[in-house]
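Asker: Protein chains in written order, with the working numbering: chain A, 274 to 525; chain B, 157 to 818.
Hints in this document: simulated from the structure, not taken from any laboratory. Keep in mind the model is a prediction, meaning the values are calculated, not measured. Where is the CB? At the ideal position from N, CA and C, for every residue including glycine. Be aware that a few hints might be false.
[Stated by the list, open to error] Derived list of chain A stretches under chain B, where covered just means 3 residues or more per stretch with a C-beta under 8 Å from a C-beta of chain B:
1) 315 to 321
2) 360 to 374
3) 431 to 444
4) 469 to 476
5) 487 to 501
[As the list claims (entries may be wrong)] Label-pair distances were calculated between CB atoms; the ranges are:
6) G556/B - K302/A: 34 to 44 Å
7) E799/B - G487/A: 49 to 59 Å
8) N413/A - S510/B: 31 to 41 Å
9) S510/B - E297/A: 35 to 45 Å
10) K302/A - S510/B: 49 to 59 Å
11) G487/A - Y475/B: 29 to 39 Å
12) P466/A - T673/B: 29 to 39 Å
13) N796/B - E297/A: 20 to 30 Å
14) P651/B - I499/A: 28 to 38 Å
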Amino acid sequence: MSGNMNLTLKVWKQKNKDAKGALETYQVKGISPDMSFLEMFDVLNEQLITEGKDPIAFDHDCREGICGMCSMYINGRPHGPVKGVTTCQLHMRSFKDGDTIVVEPWRSAAFPVVKDLAVNRSAFDRVIAAGGFVSVNTGNAKDANNILINKDDADDAFNAAACIGCGACVATCKNGSAMLFVSAKVSQLALLPQGQIEKEARVLNMVNQMDEEGFGACSVTGACEIECPKGISLENIARMNREFIGANATKK
Amino acid sequence: MASSPKLDAKIPQGEIDQKWTKYRSTVHLVNPANKRSLEVIIVGSGLAGASAAASLAEMGYKVKVFCFQDSPRRAHSIAAQGGINAAKNYQNDGDSVYRLFYDTIKGGDYRAREANVHRLSEVSGAIIDQCVAQGVPFAREYGGVLSNRSFGGTQVQRTFYAAGQTGQQLLLGAYSALQRQVGMGAVQLYARHEMLDVVNIDGKCRGIIARDLISGKLERHFGHAVLIASGGYGNVFYLSTNAMGSNVTAAWKAHKKGAFFGNPCYTQIHPTCIPVSGDHQSKLTLMSESLRNDGRIWVPKKAGDTRKPTDIPEEERDYYLERRYPAFGNLVPRDVASRAAKERCDAGFGVGASKLAVYLDFAANMMRYGQIEANKQNLHNPSKEQIRELGRAVVKEKYGNLFDMYKQITGEDPYEVPMRIYPAVHYTMGGLWVDYNLQTTVPGLYALGEANFSDHGANRLGASALMQGLADGYFVIPYTIGDYLSEEIRTKAIPTDHEAFVKAEAEVQERINKLMTIKGTKSVDYFHKQLGKIMWEKCGMARNAEGLKQAISEIQKLREEFWKNVRVTGEANEFNPELEKAGRVADFLELGELMCMDALNRNESCGGHFREEYQTKDGEALRDDDNFAYVAAWENKGNNAWELHKEELKFENIKLAQRNYA
Ligand SMILES: Cc1cc2nc3c(=O)[nH]c(=O)nc-3n(C[C@H](O)[C@H](O)[C@H](O)COP(=O)(O)OP(=O)(O)OC[C@H]3O[C@@H](n4cnc5c(N)ncnc54)[C@H](O)[C@@H]3O)c2cc1C
Ligand code: SF4
Ligand code: FES
Numbered sequence: 274m275s276g277n278m279n280l281t282l283k284v285w286k287q288k289n290k291d292a293k294g295a296l297e298t299y300q301v302k303g304i305s306p307d308m309s310f311l312e313m314f315d316v317l318n319e320q321l322i323t324e325g326k327d328p329i330a331f332d333h334d335c336r337e338g339i340c341g342m343c344s345m346y347i348n349g350r351p352h353g354p355v356k357g358v359t360t361c362q363l364h365m366r367s368f369k370d371g372d373t374i375v376v377e378p379w380r381s382a383a384f385p386v387v388k389d390l391a392v393n394r395s396a397f398d399r400v401i402a403a404g405g406f407v408s409v410n411t412g413n414a415k416d417a418n419n420i421l422i423n424k425d426d427a428d429d430a431f432n433a434a435a436c437i438g439c440g441a442c443v444a445t446c447k448n449g450s451a452m453l454f455v456s457a458k459v460s461q462l463a464l465l466p467q468g469q470i471e472k473e474a475r476v477l478n479m480v481n482q483m484d485e486e487g488f489g490a491c492s493v494t495g496a497c498e499i500e501c502p503k504g505i506s507l508e509n510i511a512r513m514n515r516e517f518i519g520a521n522a523t524k525k
Numbered sequence: 157m158a159s160s161p162k163l164d165a166k167i168p169q170g171e172i173d174q175k176w177t178k179y180r181s182t183v184h185l186v187n188p189a190n191k192r193s194l195e196v197i198i199v200g201s202g203l204a205g206a207s208a209a210a211s212l213a214e215m216g217y218k219v220k221v222f223c224f225q226d227s228p229r230r231a232h233s234i235a236a237q238g239g240i241n242a243a244k245n246y247q248n249d250g251d252s253v254y255r256l257f258y259d260t261i262k263g264g265d266y267r268a269r270e271a272n273v274h275r276l277s278e279v280s281g282a283i284i285d286q287c288v289a290q291g292v293p294f295a296r297e298y299g300g301v302l303s304n305r306s307f308g309g310t311q312v313q314r315t316f317y318a319a320g321q322t323g324q325q326l327l328l329g330a331y332s333a334l335q336r337q338v339g340m341g342a343v344q345l346y347a348r349h350e351m352l353d354v355v356n357i358d359g360k361c362r363g364i365i366a367r368d369l370i371s372g373k374l375e376r377h378f379g380h381a382v383l384i385a386s387g388g389y390g391n392v393f394y395l396s397t398n399a400m401g402s403n404v405t406a407a408w409k410a411h412k413k414g415a416f417f418g419n420p421c422y423t424q425i426h427p428t429c430i431p432v433s434g435d436h437q438s439k440l441t442l443m444s445e446s447l448r449n450d451g452r453i454w455v456p457k458k459a460g461d462t463r464k465p466t467d468i469p470e471e472e473r474d475y476y477l478e479r480r481y482p483a484f485g486n487l488v489p490r491d492v493a494s495r496a497a498k499e500r501c502d503a504g505f506g507v508g509a510s511k512l513a514v515y516l517d518f519a520a521n522m523m524r525y526g527q528i529e530a531n532k533q534n535l536h537n538p539s540k541e542q543i544r545e546l547g548r549a550v551v552k553e554k555y556g557n558l559f560d561m562y563k564q565i566t567g568e569d570p571y572e573v574p575m576r577i578y579p580a581v582h583y584t585m586g587g588l589w590v591d592y593n594l595q596t597t598v599p600g601l602y603a604l605g606e607a608n609f610s611d612h613g614a615n616r617l618g619a620s621a622l623m624q625g626l627a628d629g630y631f632v633i634p635y636t637i638g639d640y641l642s643e644e645i646r647t648k649a650i651p652t653d654h655e656a657f658v659k660a661e662a663e664v665q666e667r668i669n670k671l672m673t674i675k676g677t678k679s680v681d682y683f684h685k686q687l688g689k690i691m692w693e694k695c696g697m698a699r700n701a702e703g704l705k706q707a708i709s710e711i712q713k714l715r716e717e718f719w720k721n722v723r724v725t726g727e728a729n730e731f732n733p734e735l736e737k738a739g740r741v742a743d744f745l746e747l748g749e750l751m752c753m754d755a756l757n758r759n760e761s762c763g764g765h766f767r768e769e770y771q772t773k774d775g776e777a778l779r780d781d782d783n784f785a786y787v788a789a790w791e792n793k794g795n796n797a798w799e800l801h802k803e804e805l806k807f808e809n810i811k812l813a814q815r816n817y818a
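Sequences and hints are given; from them, build the entire structure.
Answerer: Pasting the structure below:
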């Protein structure tokens with residue numbers, strides 16, 4: 274095969290949401306520095322299948338850092354040691370021959386384990402369903418260039434909208450807070466004229482749903498911003514707090 | 157040639173630019189009260205599925221949406237990079253509905269249906285309006301208006317974009333609209349569910365069998381109509397730019413239950429992808445076509461030149477696209493660009509370790525942009541370094557995420573050295589045959605988005621898939637489904653203990669049991685990789701009769717071995733990604749054979765289908781309009797046997813001509 278790195282992996286195995294899990298130790302050999310972290314897991318799983326053992330279940334799909342499906346907690350950090358990348362875009366050249374790597378699922382009360390490293394993040398979908406939209410039915414729109422938007426605001430909205438919904442922010446937060454995720458959507462729409470009409474209801478409903486899903490409170494440690502693979506900024510949380518206070522003040 | 161009586165495309169009468177307007181205003185409607193008791197199942201939550209689900213639910217239908225990912229937002233539309241076309245003519249550069257229509261027909265090498273393509277162009281503008289209204293943050297100019305860029309196969313700027321993340325932003329817009337309906341109770345969402353069969357009753361599609369991927373339980377779902385919006389089947393090649401889970405299963409099950417499969421051999425090989433780096437490779441990554449706006453493609457003039465690209469002087473570089481196609485240059489359509497790269501590499505001019513790569517070089521345009529910036533900022537006599545820095549910032553704003561991705565994957569910095577790129581499987585123009593209403597040959601069963609065969613002929617133009625997916629979902633199906641559902645208002649929901657549901661579920665269960673009990677020696681991936689190799693070598697960028705015949709017999713053998721010797725670990729009644737993969741690969745092993753049959757049948761070259769026997773003396777695709785101006789729609793006869801039906805393509809508005817981009 275293509276490489277010569279040998280690694281020890283300690284990987285979380287858990288049969289289903291109710292089972293007790295534990296770390297299991299595996300050895301992988303012949304890993305190439307050009308492989309992605311998930312391709313290294315492919316090698317491990319192929320090996321386990323050949324040995325007649327149960328491969329490790331993990332979530333992934335696009336493998337290019339955009340779908341937000343991959344979610345491994347690597348050596349105590351969501352998406353591993355490199356800043357600004359998802360697990361699927363982490364490459365083995367970031368590790369050394371002989372390393373021991375500990376891999377766990379996202380841990381949060383709101384993200385129950387499905388199996389091994391896969392978790393259920395549907396709480397995020399429910400938060401969006403509570404208000405993360407502009408209420409405009411198909412066919413209601415006017416000509417796109419009738420809405421002029423200052424380029425800086427458009428760029429800021431885009432930067433907030435770049436969130437991939439991976440949940441790393443929640444996984445890294447000691448309180449299991451989803452503030453970075455929720456504030457990214459609130460900010461995107463608060464920055465745009467299209468989002469103004471529903472802005473109060475939006476922030477109140479989304480925050481309410483966030484609390485109901487069992488996400489923790491935010492104590493502004495900033496860990497989420499550091500681990501977010503898409504560079505979603507803490508400014509969004511500040512903006513959401515302003516929106517929230519404003520909305521509460523005008524609540525009738 | 158006359159069309160097969162089994163294929164009624166239901167194209168409305170009238171002038172091309174009146175067909176849709178008239179049809180839309182006369183198609184049967186379902187009144188609001190009746191909509192509430194009509195149920196629609198949508199398989200897929202990508203651009204096509206999510207937009208259809210939101211729109212139909214807004215209209216009042218009861219909708220169920222299925223996707224195999226853990227959230228509808230993760231459908232592979234999310235990965236689309238470069239942009240979405242629309243005939244807005246915001247740039248005042250002569251764009252129009254007709255021009256987009258013409259470019260699409262020509263780009264598709266005259267193998268698409270005129271009426272569908274014209275409709276697509278007509279609704280393209282409304283898509284942009286809808287997305288902006290939803291808050292999709294498209295790129296803008298300083299004056300606040302929307303910005304555009306160019307894509308291949310056109311000479312106007314009609315592509316709207318959001319950096320290199322257009323698909324993400326469009327999908328999140330559609331997903332928001334969908335989630336709004338979920339919140340209102342109008343849509344029921346079934347994430348981590350895989351559709352494994354359709355259920356037909358008395359000749360009409362009436363529901364699906366789906367597997368809950370967490371518990372492994374099979375479920376029966378009734379619908380008055382079923383929409384397949386399950387994406388493309390490029391993963392039949394194993395390596396492609398598709399997501400790992402992208403598959404043909406939903407479309408294939410529909411096909412086996414009576415839906416004809418259209419033009420399966422039409423595959424798009426995208427010219428600009430990151431080359432394969434080793435046999436561990438699990439997928440290929442696209443570098444958006446938008447990069448061809450500013451990147452120049454070249455190889456050394458000397459075969460086997462091993463100098464570093466930056467050491468090769470200008471006059472020793474062959475900008476072969478600019479040389480061969482001066483009118484379109486680096487922006488020729490994808491099929492043309494891919495074949496040209498293959499031609500250079502086959503002739504020994506390839507670069508990089510594998511020699512299967514060409515350069516995509518931004519240096520010249522980085523300097524050009526830098527100079528413009530320097531002028532803007534009134535810098536007098538800026539140094540070369542300063543200009544480079546300024547240019548770098550411009551390029552970063554346009555393509556930053558793509559450059560980062562390239563660096564992450566290859567370990568090389570594309571701001572400093574040219575990218576190495578090579579063609580890779582990207583998109584499938586083929587898919588379920590549909591009529592003008594997007595209905596398959598099974599009444600009540602529809603196909604939308606990449607899953608259908610409809611609008612792109614033998615080659616899709618860049619930035620047109622997002623347009624088509626959203627056109628289908630937002631602006632076509634909401635009207636055309638009325639034609640069918642208006643006749644169904646008296647049909648009560650059929651209880652799922654009906655024998656047809658019971659039988660379909662039992663068949664799905666039996667197949668799962670079979671997969672679980674083979675307990676062979678080789679992994680699912682082993683078979684998938686073998687299949688991919690056969691397909692890439694013999695049914696890829698260039699095909700010939702001999703190779704296709706070999707491929708067919710090799711696939712048959714591989715399929716036989718699969719069913720004797722595959723090893724699927726774990727249990728059926730748990731979360732089991734290996735079992736999911738096994739089912740998908742089993743379907744690919746059938747589809748692959750049909751693709752080769754279709755390619756073998758089509759004794760001409762057109763668009764992405766290049767038969768080596770049929771080329772001009774310059775190596776361009778040579779069509780045979782007298783014998784092949786038809787859609788090949790294949791009927792499944794069971795046991796891997798198929799019957800070919802032809803839908804004649806009539807070109808009444810655009811004259812058939814040899815494509816010319818020179
Ligand atoms: C890397 C990349 C870049 C691209 N860039 C562009 C671009 O810039 N411009 C452009 O126009 N086009 C682009 N394309 C093409 C375009 O993105 C796709 O053709 C389009 O998004 C497909 O949308 P869809 O809704 O048909 O399918 P998808 O988005 O693929 O969605 C398929 C859905 O079906 C579901 N599904 C599949 N099978 C099953 C099953 N059996 N059971 C249940 N659910 C199932 C999935 O869960 C998913 O929700 C790009 C494609 C790729 C791969
Ligand atoms: S804010 Fe960042 S870490 Fe959190 S879900 Fe979004 S992309 Fe992931
Ligand atoms: S697999 Fe899609 S972001 Fe990692």
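Asker: State for each hint whether it applies.
Answerer: So, going through the hints one by one against the coordinates:
1. 315 to 321: holds (count 4)
2. 360 to 374: holds (count 3)
3. 431 to 444: holds (count 5)
4. 469 to 476: violated (count 0)
5. 487 to 501: violated (count 0)
6. G556/B - K302/A: 34 to 44 Å: holds (37 Å)
7. E799/B - G487/A: 49 to 59 Å: holds (56 Å)
8. N413/A - S510/B: 31 to 41 Å: At 52 Å between Cβs, range violated.
9. S510/B - E297/A: 35 to 45 Å: holds (37 Å)
10. K302/A - S510/B: 49 to 59 Å: This hint is violated: roughly 24 Å between Cβ atoms.
11. G487/A - Y475/B: 29 to 39 Å: Once the Cβ atoms are compared, 58 Å apart, the range 29 to 39 Å for Y475/B and G487/A is violated.
12. P466/A - T673/B: 29 to 39 Å: violated (60 Å)
13. N796/B - E297/A: 20 to 30 Å: violated (42 Å)
14. P651/B - I499/A: 28 to 38 Å: violated (54 Å)
This entry does not satisfy hints 4, 5, 8, 10, 11, 12, 13 and 14, going by the numbered hints stated previously.
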